[in-house]
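Put chain Y on the given structure of chain E with help from the hints.
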Amino acid sequence: DAGVTQSPTHLIKTRGQQVTLRCSPISGHKSVSWYQQVLGQGPQFIFQYYEKEERGRGNFPDRFSARQFPNYSSELNVNALLLGDSALYLCASSIGANSGANVLTFGAGSRLTVL
Amino acid sequence: DAKTTQPTSMDCAEGRAANLPCNHSTISGNEYVYWYRQIHSQGPQYIIHGLKNNETNEMASLIITEDRKSSTLILPHATLRDTAVYYCIGRGCYTGTASKLTFGTGTRLQVTL
Chain E
2 DAGVTQSPTH LIKTRGQQVT LRCSPISGHK SVSWYQQVLG QGPQFIFQYY EKEERGRGNF
62 PDRFSARQFP NYSSELNVNA LLLGDSALYL CASSIGANSG ANVLTFGAGS RLTVL
Chain Y
2 DAKTTQPTSM DCAEGRAANL PCNHSTISGN EYVYWYRQIH SQGPQYIIHG LKNNETNEMA
62 SLIITEDRKS STLILPHATL RDTAVYYCIG RGCYTGTASK LTFGTGTRLQ VTL
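Line order of the protein sequences matches chains E and Y.
For the working numbering, count along the first sequence from 1 and bump the result up by 1.
For the working numbering, count along the second sequence from 1 and bump the result up by 1.
One chain only, chain E, in its complex shape (with noise of 0.2 Å):
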């Protein structure tokens, strides 16, 4: 079975500019979530979508935005790129969003470098 797969692997893109990231959930997941990863940190959470609906958000500015389509893929836009942008872009998927008990997968990230 496909994991939840991520598009593009690696980016550049210079300050000002704007970036969309692409994730394919698992098959049968509804909710998908967006994480950042800046070198040596843990993720942090940006986003929730269920069923394309915003069911969360982090503390991050709105130059960050994300959709989630009638097959629960989900992009995620940055505008505005700032060099602090630069990091990893990781999406989890799960079947639900409402339970403790519910596992996120991530997928593999994308590697944005912001020059």
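Hints listed in this document are in silico derivations from the structure and should not be mistaken for laboratory results.
Every residue, glycine too, gets a C-beta built ideally from N, C-alpha and C.
Over 12 Å on every C-beta distance to chain E, these chain Y residues come out as not near it, computed from the model:
| # | residue |
| --- | --- |
| 1 | A61 |
| 2 | I64 |
| 3 | P77 |
With a cut-off of at most 25 Å between alpha-carbon atoms, the simulated SDA-like pairs for lysine to any residue come out as follows:
| # | chain 1 | residue 1 | chain 2 | residue 2 |
| --- | --- | --- | --- | --- |
| 4 | Y | K4 | Y | F104 |
| 5 | Y | K4 | E | T106 |
| 6 | Y | K4 | E | R56 |
| 7 | Y | K53 | E | N103 |
| 8 | E | K31 | Y | H50 |
| 9 | Y | K53 | E | G97 |
| 10 | Y | K53 | E | V104 |
| 11 | Y | K4 | E | G41 |
| 12 | E | K53 | E | G4 |
| 13 | Y | K4 | E | G43 |
Leaving out everything else, chain Y in the frame of chain E:
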């Protein structure tokens, strides 16, 4: 979600059991203890989770103290491939954003020959 405290790093000889401790003294009654690990440059990998009882799966065992203020992840026979950063996370039941995992800095486990 409960704040967790883990040692920064640990070493373990290959073939021996690796015991990774975690303190979560502020954990509430409906919060699960989750363990994930992250091998260099990969996404976090789920290991195991538990609420009150000890749990075991094909990867590891999770021992939770009776007062639930601490737990230990046990890798029974560590191999070099178990070298990774291990995260202990307290995660509540329905909170509206239940998929949110609050990662700390984790324990860097180095398995050596």
